[in-house]
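Asks: Spelled out from the first residue to the last, the chains are:
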Amino acid sequence: MVRMVRGFWRGTLTQPFAIKLFKGIWNSHPRFATRTIMVRDNDVDAAFATLNRLMESEGLLKIIRSTQFYQKPYMQRNLLSIEASRAIFNEDMTRKMKFLVRKNRPNAHPGQLTT
Amino acid sequence: MAARNLALQFSRLALGTRASCSQILPIRSISSSLPKFDSIRDNHRAGTRLTGPEQEIFEGTTGANQLLSVNLKNIEARFPTAETLNQLFDGIPYKDLPIVYIKATKNNTLINVMDNKQHVIIYTSCRLEGFKHARKKTTIAGQTTGVAAGQKLVRRGIRTVRVEVKGIGPGRLSSVKGMDTAGVKIVSITDHSNLIELGPRPRKIRRI
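Chains as they are written, first to last, in the numbering used here: chain A, 618 to 732; chain B, 96 to 303.
You can trust all of the hints, since none of them are fake.
Straight-line Cα separation of at most 30 Å, DSBU-like style, residue types lysine-lysine; simulated pairs: (1) A:LYS679 - B:LYS232; (2) A:LYS720 - B:LYS168; (3) B:LYS272 - A:LYS679; (4) B:LYS261 - A:LYS640; (5) B:LYS280 - B:LYS212; (6) B:LYS168 - B:LYS190; (7) A:LYS679 - B:LYS168.
Quick caveat, the hints were computed from the structure, so don't treat them as lab data.
Okay, chain A solo, but in the shape it has when bound:
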């Protein structure tokens, strides 16, 4: 994969990596409307875990992580190829798992109480 990426692209990406909309877009959102989670039953731990998980899945923590240090072009290329190969692996693996656990009967899991 590394060779593939190197074959057609040897440039650099401008950093920090993000979708450039306009400067200070995060401050233009109303406060306490976005990136906010209400704490239930004084369970701060669970609320924080949820917030962090959502930030991770939305890619916000990735922005923070990737803007800590400048990445040299060879690192950019490596990251790109790792992401690509990871996507290929995941796609194939999900397909394989679906194939392995397939069930061709009216009730897929007889006797199973939970889903």
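Chain A is fixed; fit chain B onto it per the hints.
Replies: Leaving out everything else, chain B in the frame of chain A:
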């Protein structure tokens, strides 16, 4: 290096009738988050040294990795809405609640509490609580700061607050928890960390 490892695994998958999952998987787990290296030299050594279980990358980001199960059912009900602003918490509408601004940097934790008119109520930091130099950047220092801020708030008769956290540092989670243990009811947690998208070029990687 990691890419080369992956490529090795692929070649094994393609070639190996022998290669079973037990052979492939323990070599390098495929995780969603990339490991953070302290030094550029760690990055070079990355493939040669096998690390243990996936380490927590930033100390305040519990729950971000896939190891901890997080209940995301009915998550929509836990987001604030337009009605939340006027919702009463201990007799105070949400928009009038005091705001706790926590700045959790890499080296320090600063807590600043303001009322809804942006007047400062209290201020503390790790240094004010007696932690010096490298001890400021520990989770314990963050927790102590949180507890101290909570006690100060309780002394001033403030028992219900909303929290706004900025930055990913050791005090991110622990200071909020400390404030909770001091007897302050936390209504909501907001993340307001800086997400630079057009900003200057980041600093170069540390060489240790």
